[in-house]
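Here is what each chain is made of, one letter per residue.
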Amino acid sequence: MSGETVRITLNPIDTDAETRAVSQAGGNIGAVVTFSGICRADEKGDKISALFLEHYPGMAEQEIGSHVEEAKTRWPLLAVRVVHRVGRIEPGEVIVFVATASAHREAAFQAAEFIMDYLKTSAPFWKRTEGGSKEAWIDANEKDDRAAARWK
Amino acid sequence: MSGETVRITLNPIDTDAETRAVSQAGGNIGAVVTFSGICRADEKGDKISALFLEHYPGMAEQEIGSHVEEAKTRWPLLAVRVVHRVGRIEPGEVIVFVATASAHREAAFQAAEFIMDYLKTSAPFWKRTEGGSKEAWIDANEKDDRAAARWK
Amino acid sequence: MYFAWLRERLDKTEEEVEIPSSVQTVGELMDWLKTRGEEYEYAFDNPKVIRAAIDKTHVRAEAKIAGASEIAFFPPMTGG
Amino acid sequence: MYFAWLRERLDKTEEEVEIPSSVQTVGELMDWLKTRGEEYEYAFDNPKVIRAAIDKTHVRAEAKIAGASEIAFFPPMTGG
Numbered sequence: 013m014s015g016e017t018v019r020i021t022l023n024p025i026d027t028d029a030e031t032r033a034v035s036q037a038g039g040n041i042g043a044v045v046t047f048s049g050i051c052r053a054d055e056k057g058d059k060i061s062a063l064f065l066e067h068y069p070g071m072a073e074q075e076i077g078s079h080v081e082e083a084k085t086r087w088p089l090l091a092v093r094v095v096h097r098v099g100r101i102e103p104g105e106v107i108v109f110v111a112t113a114s115a116h117r118e119a120a121f122q123a124a125e126f127i128m129d130y131l132k133t134s135a136p137f138w139k140r141t142e143g144g145s146k147e148a149w150i151d152a153n154e155k156d157d158r159a160a161a162r163w164k
Numbered sequence: 013m014s015g016e017t018v019r020i021t022l023n024p025i026d027t028d029a030e031t032r033a034v035s036q037a038g039g040n041i042g043a044v045v046t047f048s049g050i051c052r053a054d055e056k057g058d059k060i061s062a063l064f065l066e067h068y069p070g071m072a073e074q075e076i077g078s079h080v081e082e083a084k085t086r087w088p089l090l091a092v093r094v095v096h097r098v099g100r101i102e103p104g105e106v107i108v109f110v111a112t113a114s115a116h117r118e119a120a121f122q123a124a125e126f127i128m129d130y131l132k133t134s135a136p137f138w139k140r141t142e143g144g145s146k147e148a149w150i151d152a153n154e155k156d157d158r159a160a161a162r163w164k
Numbered sequence: 002m003y004f005a006w007l008r009e010r011l012d013k014t015e016e017e018v019e020i021p022s023s024v025q026t027v028g029e030l031m032d033w034l035k036t037r038g039e040e041y042e043y044a045f046d047n048p049k050v051i052r053a054a055i056d057k058t059h060v061r062a063e064a065k066i067a068g069a070s071e072i073a074f075f076p077p078m079t080g081g
Numbered sequence: 002m003y004f005a006w007l008r009e010r011l012d013k014t015e016e017e018v019e020i021p022s023s024v025q026t027v028g029e030l031m032d033w034l035k036t037r038g039e040e041y042e043y044a045f046d047n048p049k050v051i052r053a054a055i056d057k058t059h060v061r062a063e064a065k066i067a068g069a070s071e072i073a074f075f076p077p078m079t080g081g
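For the protein sequence lines, the chains are L, E, R and B, in the order given.
All the letters of the first sequence, read from the start, carry residue numbers 13 to 164 under the numbering used here.
All the letters of the second sequence, read from the start, carry residue numbers 13 to 164 under the numbering used here.
All the letters of the third sequence, read from the start, carry residue numbers 2 to 81 under the numbering used here.
All the letters of the fourth sequence, read from the start, carry residue numbers 2 to 81 under the numbering used here.
Where hints are given, some of them may not hold.
To be verified - One side of the interface only, derived from the structure: several residues of chain B facing chain L at Cβ under 10 Å:
hint, residue
1, Ala5
2, Arg8
3, Glu9
4, Leu11
5, Arg52
6, Ala54
7, Ala73
8, Met78
Since the hints were made in silico from the structure, they are not lab data.
The beta-carbon is built from N, C-alpha and C at its ideal position, and this holds for glycine as well.
In isolation and in its complexed conformation, chain L is listed as follows (with noise of 0.2 Å):
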């Protein structure tokens, strides 16, 4: 497993080991708070066999390492971890991870939500269900994007 705070794969995500390396990253941590979105096997009603992610090589990295920094000056954090899986991923796969250590759970709640929050509206992700048809991307989340814009 790899050492890095921000990671887009293609592999199935080890959260495990991606938390162990969080609560394991020394200092004094008190309080370790892990996210993983699952791909659900139902989207809005409809059944489906597979989502697909593309992403924006380059970009995506550059622009959640750039929201990291930014948790990091609003929270005293100790670890942090993002892996945001791309391709195809199965219902009840993990999407996206999101680790956080503080030496107290205030910050690593918080700080957990606001890079979710800014995953969901905000790094260059596209979704699409597999099976459907070419046009099944999946809209964007006016809920998603008011849980942005507390943090602003």
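Put chains E, R and B on the given structure of chain L with help from the hints.
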């Protein structure tokens, strides 16, 4: 590993296994949030060799259980798990673990924070540092009380 | 039942006591316990910080103790 | 560069184009691209929903394109 939602244990917590149990609980899970509260080597500036956690047997399980039920009425949760360790705990070891699963991330994040704020202030557990004087019980913390009050 | 530093100050986990009929609430019970010796006086020194439970449910100082089979006293909780 | 349904509607991932000097902003570039054929008209049908980046940084429609080496168009992001 046990299938119980709420557990109090003298043994180290296997957070990987607990996370797996929640992630694979079935239903249309799209978000899993975990929180691990870790014993710090440093308690308000003093180095400690271990913490000792005491609880009120029977009351602790019952109180946490009814708080988990309260969380389930507030958010559409698909799985919840709370494991609290008691006895002697060394720096780096997990004291408390909470995992929540829901279709969407807001519910999973909020329910995990709600349960943690409660555990910090209202569940019958008491911590003291080992090695210090008999009276080295850790004081309740105003910040935790304020965090818990926001859900009222 | 006593927990944490209350238990240590009293040097006991639990005890059975005959409570005078004039003692009707949890607060009155704390006042009465304080009259039972030095260690009780020390333990219940600052009753405002002490929490109580009757039959494993949190209660306030005004709560009636009639019918209780188990009353617990403890400091503010510091779990997690 | 084009992503997601923009890429599919245009049936291309990227292209090099000579941009007329009258086209100075990202918004003007979208208008000009629309004149290049049916598939562009379809792809840029609703320019309000289309996001843009210059050299891998998000920009608005008013952003100047002078000096850009890579301009990307894509639908609203739906990561995570």
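Hints and how they fare:
The interface hint given for Ala5/B is met, as the beta carbon of that residue sits about 4 Å from the closest beta carbon of chain L, less than 10 Å. Among the interface hints, the one on Arg8/B holds; its C-beta lies about 8 Å from the nearest C-beta in chain L, closer than the 10 Å criterion. A distance limit of 10 Å between C-beta atoms decides the matter here; for Glu9/B the minimum to chain L is near 5 Å, and the interface restraint holds. The interface hint given for Leu11/B is broken, as the beta carbon of that residue sits about 12 Å from the closest beta carbon of chain L, more than 10 Å.
Against a cut-off of 10 Å between C-beta atoms, the interface hint on Arg52/B holds, since the closest Cβ of chain L lies about 8 Å away. With a cut of 10 Å, the hint placing Ala54/B at the interface with chain L holds, because the nearest CB-to-CB distance is about 6 Å. The beta carbon of Ala73/B comes within 6 Å of a beta carbon in chain L, closer than 10 Å, and the hint placing it at the interface holds. The beta carbon of Met78/B comes within 6 Å of a beta carbon in chain L, closer than 10 Å, and the hint placing it at the interface holds.
Going through the hint list in order, the structure does not satisfy hint 4, though it satisfies all others.
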